[in-house]
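Undergrad: If you're matching them up, the sequences are chains U and S in order. Here the first sequence stands for residues 1 to 399, where the numbers follow the numbering used here. Here the second sequence stands for residues 1 to 217, where the numbers follow the numbering used here.
Don't take every hint at face value.
In silico negatives: residues of chain S with every beta carbon more than 12 angstroms from chain U [what the hints assert, rightly or not]:
1) Ile5
2) Arg12
3) Leu107
4) Ala117
5) Arg139
6) Arg143
In silico contact screen, one side only, chain U against chain S (beta carbon under 8 angstroms); selected entries [claimed, not checked]:
7) Val3
8) Met114
9) Pro116
10) Arg341
11) Tyr345
12) Arg349
I should point out that these hints are in silico values taken from the structure, not numbers from a laboratory. Owing to the predicted nature of the structure, the values given are computational and were not obtained by experimental measurement. C-beta atoms are modelled at their ideal positions from N, C-alpha and C, and glycine is treated no differently.
Here is how the chains run, residue by residue.
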Amino acid sequence: MPVNYQDIQGQIKKMGEMEPQRLQALNALRVQAVALLAAHNTNLDALQDWVKQAATKNQNLRCAVPVAEPLMAHFPPPPMPPQVVILAADGSQINPSRHDSVPFGVINVGAFRMAPGSGQAPAESVSSELITGDDLYAPNGGAIGEEVVALRRDLREREMLAVLAAAEHEDSPGVLVAALTDGPLEPFVREPFNRPDLSDLYMDYLKALRAVVNPFTATAGYVDKPRSDLLVRLLELVTLAESGRLDRAGHERSLPGVTDAGLLADVLRPGERSAIFALQSRTAQTFTDEIAIHFFYMNVGREGSPSLVRVEVPRWVAENAALVGMLHAVLIEQCHVLGNRPYPYTLHRSHEVAVVRFEEKDQLKTMIEMELRSRGISVDGPSNKQATKDNSGKRARHE
Amino acid sequence: MSDPIEVGRLLRASTTGCVVGCRLSQWGVPSFGALLRIPLGGSSDYQIYGLIYDIHVDDDGLVRQLATTVHVSEDVIADNRINRNVPLEISVVFVGFQEHGRSLHLLPPRPPLSLDAIYTCTGEELCQFTVSGSFGYFRHVLRNADLPVGEMLAAHLRQAAAAHAAPGTAFSDPAWAERATQELITLLRDDYPTLMSVLGALGDAGIAFGQMQGGLS
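The following block holds chain S by itself, in its conformation from the complex (with noise of 0.2 angstroms):
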């Protein structure tokens, strides 16, 4: 998660999120649950984040006809990845925005537009995003209930606090995931079944939360 990479371009959108077209070339970096961000206008100024909450990988005639081959040569799955416009469609739930250089957990005001470049963060501009306000971007996640809430939110603590235990980032915090699993503790005080769903998804995905377990006995 070091240098930004360009994941790929977008083909619709809402004030609440978008999908991003990219090639399966492209394709390797970004991950479920990952932080991506949109700058506007190709300007750094006013830039749109979001997290990956589905990848979907389209079909076609062809590429049905060539799965049910004995043997699918490397020359052929090269060229279905490069060449065809079978489409890698990636879902973005917009989680906040960066104005001047100051994160809001906020809805953006106004979406991106068709075709605007999408970019992974790096480590650096993953801590800096969730360490600016206190956990406002949650909220944007656990009221949609069509999203995998709880493997969505492990996938993504999982990599932010992989992110803040870096050595040599700036704007890490060691305390991070603990402190992002307490606020979602609290968020979800009064809806146990996905309170619940996102507690075991933290736990699959090694995120400790025993000191908080105490407190829900």
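Just chain U, same shape as in the assembly (with noise of 0.2 angstroms):
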């Protein structure tokens, strides 16, 4: 059956109606939030002994918190550096399906380099990884599930990068390498110690971004369209703290809605960055000592299209003035390749290597089919639903 379009025409009209008075709504506690930053612009030990406090009360607690620099303070790209090898790496997966005649995952991980104006050509590698056998059951028996494919993707990435990084440092001592990754360094997984199935893998996510430490590496997770509102949240604190409900810290929430790229839009110019915090989480919490993560903003759009991004790096790099420069310049130079769609290009091209088609999950069923019927090793098809669905799917109308 197709989509209920008059459903739907009536659920979208009454949507259009509401979103004027929605917007007005957050767009009035975005000024108060806008205000409170202004108000607290430097106001850092009691913003960071809030913090503090609450964390104590609400262990789930997740919020930006500040280092060094006022909650507004904008600074202008730094110049390139002469010499800089930009590294990035993603990975791609297939997620194991029962439904599928032959249960197998894959994970592939692309990195690109290049070295801006060195006459060197860019170049790419791919490592392809089958998760096949007894891989595919976790230590307590049940069959792995997307969260532990994705963590070893994660991993997988990171680990890439550090061996890359590590080959340009003993290749060219002393030159400045960005080694980036799309999306948060804190892998988005739930209480990993709690579950066998990912606390090795998070234990070796860890290490393999502590393999990366290194005076001249500035490792950085870029997060396109950020919805966070990890600002919003500290600031959410100061009226908890006025009011003496700081034990109400992550359950009350004052500014809801507003995200910190609403609030930073007006005080981020074209190719700014922001003040840089670190981050309060319960999982942050595992990134101790020199991986601690931190964070800032950044305005890679233009003169009245702002395009805010948040680019997460460990304390290592936030506290060398030098990386964070070098960082910041390279990835503005970087969104400008790319026009009026500001992403970094390093990032797009190591998505291009890595990305998995659903035509190649196919040929790869298929090599596995055969390698196994050529042992005399019989293969079930796939599931009826899957077999049902695949038939069906010959004449939808949507793939």
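Hints in hand, dock the two standalone chains.
TA: Take a look at the structure:
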């Protein structure tokens, strides 16, 4: 059956009628947030203290923590260093499915390297890992889920960057290296230490991130179109602290819907970065010492068309002005390559290298089936559900 | 045109022609109208000859996006030409084949296969192929209404005439261009529009056919 457009049309109309009112209310909250930001621009000690207090009351508290720069600080990009190597890694995966004729997973990690102005041609590399047999099962016996495959992919990205960055330093000691990944540095997993299928991978991930630590390497996670409200949540603590209700931190929201990007859109001019903040979160606490997660926002857009992104960096980068400056300059220049759709070119290319297509999954499935059959091992067909879907899909309107 | 250069590898083929895919970085040597050869099974005992009649550069979303930006750096251009799978397709019309050293201006008995390597011809190979027989390969070009016949023949004659005029080249024949033009006039004597188009292109390419022009009026 097609979508019931009549039903949807009514709902779209209603949404359209309510949107101006919603946006008006949101803007009023944004104005409040901007006022709080300005009022507490240099009140860093008190803010740090409130975060500390609130975190003791709510272990799941997630917000920004000011470090040393005023909340509204904004910095133009420094010039590009004369010599820099940009590395980017991205991964994609095929999640194992019990509906397939043979269960298997694949992690494909693509890397891209360019050294602007060096005369060296950019280079790409790819590494593929097949997940079959016992690897399809968690230590407690159940089948591994998408979360495990995703964390394993993040780990492989991180490991590949560590190897590539080390090779750069071996070849050219002292050269500045920007090592980029798409998305936050903090993997999106909940309670990794309470999950036997995730805990080892998570520890390996932290180890791989630590392996990149080098005074000449700036590693960063690039978050495009962020919806995060870490800074806004910090400002909400102000209201709670002033009314003596810090114990409600993270539970009561006074600025719901306001995002950090909305808050800083008028603060950051094109090319500028914000102050650097530390991240308060439960899982971020596992990123200790030199890999403690920090972040800043950056306007990669043009005059009249701001486009804010969040850049996550470990502490060893955040505390090294030369690395922050290099990263800032590199990211702005990389975004300019793609014109009016600013996004780092190297990250896009690593994605292109890594991406696994549906037809490739079919090809791999056939290769595995052939290998098993050639050894006299029978292969189950797909599940009845999958087979029926595949058949009806041949005349489906949407694929 | 001295040393043979691998142009690319075969994407698809029929008995009348093929399409060759190559990386942009490999580009620069073969040109429109050039004679290429495809050794079958890696052996030089049997190879197919063809003329380039189209060179197609494909695009994709990223290339389109980059093309609209103010400045595209050399690094990005190099990346797109060397690493990205933006194919450059060369279309070739078969004009003959060589078997055990003997060149025949006939369509090949069987087409080359996927990923067969394609090479440019040296000046000597070009002379050897063009002097064998009596210009029978022209008919493979002339009968194909979809080809830019005049432009293609002009480009081919210009390259072949230069090879034949080069001193010390085996199989060279300084009078080849004149004989080739005469043959074209003969073949096209009943197709005035095509003849005019071909002669116009030959004239633009600087191929002299003054002696024959007298006989045309």
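Undergrad: If a hint holds in the structure, say so; if it doesn't, say that too.
TA: Right, here's what the structure says about each hint:
1. Ile5: holds, 20 angstroms
2. Arg12: holds, 18 angstroms
3. Leu107: Correct as stated: the minimum Cβ-Cβ distance to chain U is 34 angstroms, above 12 angstroms.
4. Ala117: Consistent with the label, Ala117 (chain S) stays out of reach of chain U, its closest Cβ about 23 angstroms off (over 12 angstroms).
5. Arg139: Per Cβ check, Arg139 (chain S) is outside 12 angstroms of chain U; nearest 41 angstroms; holds.
6. Arg143: Holds: least Cβ distance 38 angstroms, greater than 12 angstroms.
7. Val3: violated, 27 angstroms
8. Met114: holds, 5 angstroms
9. Pro116: holds, 5 angstroms
10. Arg341: Where the cut-off is 8 angstroms and the nearest Cβ of chain S is about 6 angstroms from Arg341 (chain U), the hint holds.
11. Tyr345: holds, 6 angstroms
12. Arg349: holds, 7 angstroms
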